[in-house]
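**Student:** Protein chains in written order, with numbering that gives the first Met the number 0: chain A, 0 to 284; chain B, 0 to 222; chain C, 0 to 289.
Since the hints were derived computationally from the structure, they do not count as laboratory data. Note that CB positions come from ideal geometry on N, CA and C, so glycine has one too.
Restraint-style ranges between C-beta atoms, simulated for each label pair:
(1) A/Tyr27 x C/Leu185: 50 to 58 Å
(2) B/Val56 x C/Val28: 17 to 25 Å
(3) C/Lys179 x B/Leu87: 54 to 62 Å
(4) C/Glu109 x A/Asp227: 52 to 60 Å
(5) C/Val246 x A/Ala58: 22 to 30 Å
(6) B/Val56 x C/Ala31: 13 to 21 Å
(7) B/Phe81 x A/Ala58: 34 to 42 Å
(8) C/Leu72 x B/Leu201: 30 to 38 Å
(9) C/Ala31 x B/Leu87: 29 to 37 Å
(10) B/Asn55 x C/Val24: 19 to 27 Å
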Amino acid sequence: MQIRRTGAVFAMAAMAAGLAACGGGDSYANTLEKVKGAKEITVGTKWDQPSIGLKKGTADPEGFDVDVAKYVVKELAGGQDVKITWKEAPSSNREALLQNGTVDIIFATYSITEARKPKVTFGGPYIIAHQDTMVRADATGISKATDLKDKRICQAQGSNSYKRITDPPPDGKLGLPAKLVGASNYSECVQKLSGGNLDAVTTDNLILAGFSAQEPGKYKLLNDPFTDEKYGVGLKKGDKATCEAVNTAIAKMWQDGTAKQLLEKWYGKTGMEFPTSAPPAEGCA
Amino acid sequence: MDELIQYGPELFSGFLKNLLLSVLIGFFSLVVGTILAAMRVSPTPVLRAAGATYVNVLRNTPLTLVLAFCYLGLSDTLGLIFSTEVPLTNSFWLAVLGMSAYTSAFVCEALRSGVNTVPMGQAEAARAIGLTFFQSVRLIIFPQAFRAVIAPLGSVLIAMIKNTTVVAAAGYTVDVAAVMRETFDTTGVSIPIFIGIVLAFLVVVLPIGWYTGWLSRRLAVAR
Amino acid sequence: MSSASVLFDAPGRRGRLRNNLLTAVSAVVMLAILVWAVLKLDEKGQFDWAIWEPFLTAEVWQGYLVPGLLGTLYAAVLGAVFALVFGAVFGIARLSDHRWIRVPAGVIVELFRAIPLLLLIFFIWFLAPNVLGSGDYALFAIVLALTLYNGSVLAEVVRAGILSIPKGQSEAGYAIGLRKGGVMRLILLPQGLTAMMPAVVSQLVVLLKDTALGYFIVYTDLLNMGFKTLPSAYPGTKLTAAVVIGVIYIAMAMALSAFATWLEKRSRRSRRTAARPVAVSAVEGPAGGA
Numbered sequence: 000m001q002i003r004r005t006g007a008v009f010a011m012a013a014m015a016a017g018l019a020a021c022g023g024g025d026s027y028a029n030t031l032e033k034v035k036g037a038k039e040i041t042v043g044t045k046w047d048q049p050s051i052g053l054k055k056g057t058a059d060p061e062g063f064d065v066d067v068a069k070y071v072v073k074e075l076a077g078g079q080d081v082k083i084t085w086k087e088a089p090s091s092n093r094e095a096l097l098q099n100g101t102v103d104i105i106f107a108t109y110s111i112t113e114a115r116k117p118k119v120t121f122g123g124p125y126i127i128a129h130q131d132t133m134v135r136a137d138a139t140g141i142s143k144a145t146d147l148k149d150k151r152i153c154q155a156q157g158s159n160s161y162k163r164i165t166d167p168p169p170d171g172k173l174g175l176p177a178k179l180v181g182a183s184n185y186s187e188c189v190q191k192l193s194g195g196n197l198d199a200v201t202t203d204n205l206i207l208a209g210f211s212a213q214e215p216g217k218y219k220l221l222n223d224p225f226t227d228e229k230y231g232v233g234l235k236k237g238d239k240a241t242c243e244a245v246n247t248a249i250a251k252m253w254q255d256g257t258a259k260q261l262l263e264k265w266y267g268k269t270g271m272e273f274p275t276s277a278p279p280a281e282g283c284a
Numbered sequence: 000m001d002e003l004i005q006y007g008p009e010l011f012s013g014f015l016k017n018l019l020l021s022v023l024i025g026f027f028s029l030v031v032g033t034i035l036a037a038m039r040v041s042p043t044p045v046l047r048a049a050g051a052t053y054v055n056v057l058r059n060t061p062l063t064l065v066l067a068f069c070y071l072g073l074s075d076t077l078g079l080i081f082s083t084e085v086p087l088t089n090s091f092w093l094a095v096l097g098m099s100a101y102t103s104a105f106v107c108e109a110l111r112s113g114v115n116t117v118p119m120g121q122a123e124a125a126r127a128i129g130l131t132f133f134q135s136v137r138l139i140i141f142p143q144a145f146r147a148v149i150a151p152l153g154s155v156l157i158a159m160i161k162n163t164t165v166v167a168a169a170g171y172t173v174d175v176a177a178v179m180r181e182t183f184d185t186t187g188v189s190i191p192i193f194i195g196i197v198l199a200f201l202v203v204v205l206p207i208g209w210y211t212g213w214l215s216r217r218l219a220v221a222r
Numbered sequence: 000m001s002s003a004s005v006l007f008d009a010p011g012r013r014g015r016l017r018n019n020l021l022t023a024v025s026a027v028v029m030l031a032i033l034v035w036a037v038l039k040l041d042e043k044g045q046f047d048w049a050i051w052e053p054f055l056t057a058e059v060w061q062g063y064l065v066p067g068l069l070g071t072l073y074a075a076v077l078g079a080v081f082a083l084v085f086g087a088v089f090g091i092a093r094l095s096d097h098r099w100i101r102v103p104a105g106v107i108v109e110l111f112r113a114i115p116l117l118l119l120i121f122f123i124w125f126l127a128p129n130v131l132g133s134g135d136y137a138l139f140a141i142v143l144a145l146t147l148y149n150g151s152v153l154a155e156v157v158r159a160g161i162l163s164i165p166k167g168q169s170e171a172g173y174a175i176g177l178r179k180g181g182v183m184r185l186i187l188l189p190q191g192l193t194a195m196m197p198a199v200v201s202q203l204v205v206l207l208k209d210t211a212l213g214y215f216i217v218y219t220d221l222l223n224m225g226f227k228t229l230p231s232a233y234p235g236t237k238l239t240a241a242v243v244i245g246v247i248y249i250a251m252a253m254a255l256s257a258f259a260t261w262l263e264k265r266s267r268r269s270r271r272t273a274a275r276p277v278a279v280s281a282v283e284g285p286a287g288g289a
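Isolated chain A, as found in the complex:
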């Protein structure tokens, strides 16, 4: 019996060690060191948002966030090629993925907010999005944000966009009574919109433009932006060194025209107006 128990302990230990080996490789002090030293990095992006981060078939995800990630990572490594492992980072899991070290860095429509600052160190912002509203192409009666009064709008899990409509400042913006319809993410909101279960989807214009480009002619944006959403680069809390380097890379991305080029690439056809200079950096904390 004793032998069996020893065997069990041994088996469990072997299992723990074996499985842990899948995760290992944490001998670097921070993400910057890892990129420079090991020439590899794990990047978290959205996998379900067209033009931002969308996984298509066997290929790596594609979109604006993904391209920004590639540029920034290359800059971190001093211009050398880095092996990037892509991981999905849905809104509800971003903090945990950074804490666990499952991903080293996150580019996933990650708005810099006061509530998130205690948990995450943000580099950037690399772009400022604005909340806008999307309706079905044939819809009438909604032409500006204030028309949303008493309309059915989407409440996506983990997103605060709906509050900007329903709540007055400081938390919200417009303070209009609207009927909220729940959904787990914006893909589902858009599906509800197309099925007629919603009158409008309101959130960041970069997200909406991606969906409208995915199914051309089906939806239209109102182009009535009314908030600023600063998209930051998520880093493990306290990783200031990487944060500084990320900010340098973002500044360079705007200076050398890459940012404009990427915006053209993903949003050129939507007729959206782009900023021409880098958004002011927030500073690393």
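Please arrange chains B and C on chain A, whose structure you already have, making use of the hints.
**Tutor:** Just chains B and C, lined up with the frame of chain A:
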């Protein structure tokens, strides 16, 4: 320990929601499960086939998929909405719907296996002394089947209570598992919080197991 | 349908008439429900070829479903192997003559059977980086949690299997001079194994289904890839995707269940064991899954 005290009230109110869900789901799945079991032992082939199909589909699908399907398929795509005003209320009833549908398949199987434990000779003897169908069911089959069903039903009940931690898949994100997860996101992993929640479940689950086990032994039919 | 024959005599003329009537009525009702469902689905455009067609393309299978399925199977196989080892060790330990082995083993088994699996997965997922350094612990958390929970259930199956062997068998073993280890290895385990196989396979079905809990910690499994990532790239396929991956899950689970039924029939016929098969529902098993 500080985290447990700080987040205690929130976690406790989450746990109460698990209990509320358990009561509702227990009720609905018992009703639906009994109807299904009746269908599966009925003399009508169509009802038997329908019951069997339902049980096989629901029992072999992961609960997470059932709940996510209720939320994203039934509600989003097909427009089954319990409340347009409060999304959480909608999710709550979707969770009740999905989990009742899932659990009733197991209730049905527990009941049916109970009927099957009654030896053929008992029914034959009942018919031989001239009892009608309803008399033999009421006097001979049911009392014996009921006793054989207590322990398996207890297990189904326990499993269902534990499964209420999965309701976040239906968008009901205020149950104790979801609250624990959110707390871990904020403060990092906390062993006292985990132990506290586990103890709460033990307090509910273990007595049910002991009681049904004791009852089924006490009432067991000696053969 | 043995149960039907317990409850009913062969019906007479009036009985047959009544049954036929009941059959006709229930068939009409079922058909009506079906037609209503089909009409409702059609109204929502769920039969459009556009949302079914992607599932015939290689890209959907290569990009989403196969990688997801492999993730699910990988977690399930690892979990099954470790759970079987765990179950064998703790099942036997619970039967030990030594209190200091029997009692802790019993406590561990009872404890892990009572902890909701998802809580255990979350806990391990958040705890692991603190202990083992940073990394991707999605697979680790699922496999370890599946091992602890299903292993504990399997321990009960093993115990019940060994206890189901008539006492005379081990007494005969001692009588011919075998020691405890010998009785266990040569007499009890081989016979008990036959008795416990059906319950073990049923528990593995539960384990397979429970891998879907990886949905909550972004493990790349069939549910995540098939139900979340895929419909985003192919708008409007949410329901279709649910049907397709549902069918895959059901097919896998039913194949395993059929195997369990076959084993049960075989072991019932077998004369090589003195034990009665462990009833699948004797332990919390099949209902325990999420």
